[in-house]
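We have chain A; now place chain B onto it with these hints.
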Amino acid sequence: MDSSAVIQNIHRDDEGSKMGMWLFIFTELLLFAGLFIVYSIYRYLNPAAFALAAEQLSVTIGTINTIALLISSATIAMASSSIRLKNKKLTLFLLLVTIIMAIVFMVNKYFEWMGKIDHGFFPSSPTLQSLGSGDTLFFGLYFFMTGLHALHIVIGIVLIAIVFIRVKNNSITDNNPVLLDNSGLYWHMVDVIWIFLFPLFYLIT
Amino acid sequence: MENHNNTHIIPYKTYLYILAGLIALTLISVGVTHVEVGEMSIITALVLASIKSVLVIVYFMHLKFDNRILQIAVPAIFILVGLVIFITFLDYNFR
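Note that the protein sequences, when read in sequence, are chains A and B.
Residues 1 to 205 (the numbering used here) are what the first sequence spells out, left to right.
Residues 1 to 95 (the numbering used here) are what the second sequence spells out, left to right.
Hint data in this document are derived by calculation from the structure and do not stem from the laboratory.
Incorrect hints may have been included.
Computed footprint of chain B on chain A, listed as stretches where at least three residues anywhere in the stretch have a Cβ under 8 Å from a Cβ of chain B [unchecked claim]:
{"hint": "1", "segment": "39-53"}
{"hint": "2", "segment": "69-79"}
{"hint": "3", "segment": "139-151"}
{"hint": "4", "segment": "190-196"}
For every residue, glycine included, the Cβ atom is placed at its ideal position computed from N, Cα and C.
Chain A on its own, in the form it takes in the complex (with noise of 0.2 Å):
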């Protein structure tokens, strides 16, 4: 083929791509991991207030939101495994699939969100303040920590969309899959990060 011709011809490091993304991974393993420390100390200054604030928070939604989330990794890492064996419409509706799981993530996260916001606790709400600083501390955290997390759930959302567009129209093939298996380790990454929240905000009560 003609294209393919073109595109050997343009100098690539896939390996050299590979390693940045990891590195760009571990910066935000490290931004989340800083405030990880910043939870458990809060917590460990304030159990009961931190136990009884968690019990507010739905595990139903919680386990829900997981259970999307880890759907939509093992997709999105079947996607790289289905362009390199050539099969394009699977590659499409696994990155679709991966798309819809995020989206689901986003609406009970809202629906979650404003639940919480209309029973008066957001931060610095009055109720909060009648509740102490334990209380604010884990909503402040808790909406900080999870917002963090969703602003990358939406990012992961618009990425996943290009390679989606990008697979379509074949500029990501079974030859260049390197923007593909990108966004999938940084699709995980995400998933990594949730794998830890969900259990301590959700179900340490």
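Quick look at chain B alone, frame taken from chain A:
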């Protein structure tokens, strides 16, 4: 440069097994919170979360089939984070 052709293609089945395992571990960690109380539940939840993240990193992120540098660097980052948390807690406990 060797590009893309040296990548090991993981069969779909492996991903589905890992996914099933991850969902099972999630449900176990939710179930355990109803049973256990106190310090143990924190430890169980964190151990289960660590097992899940190892599965995601090793299989979904292909670390098992990646080059040696990453196989050393990725655990090193997690050990670094663990050490920083440990030292921070030492500081809070003994100040």
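| task | Would you check chain B against the segment 190-196 of chain A, counting CB to CB pairs closer than 8 Å, and say if three or more residues qualify? | result | holds (count 4)
| task | Count residues of the segment 69-79 of chain A with a Cβ under 8 Å from any Cβ of chain B, then say if the count reaches three. | result | Our answer is that it holds, as 6 residues pass the Cβ test (under 8 Å) against chain B, meeting three.
| query | Within the segment 39-53 of chain A, is the number of residues with a Cβ closer than 8 Å to a Cβ of chain B three or more? | reply | Coverage by chain B holds here, the residue count being 4 at a Cβ distance below 8 Å.
| 8 Å C-beta criterion, at least three residues: is the segment 139-151 of chain A covered by chain B | Violated - the segment 139-151 of chain A has 0 residues with a Cβ nearer than 8 Å to chain B, which falls short of three.
Violation of the numbered hints given earlier is confined to hint 3; every other hint is satisfied by the structure.
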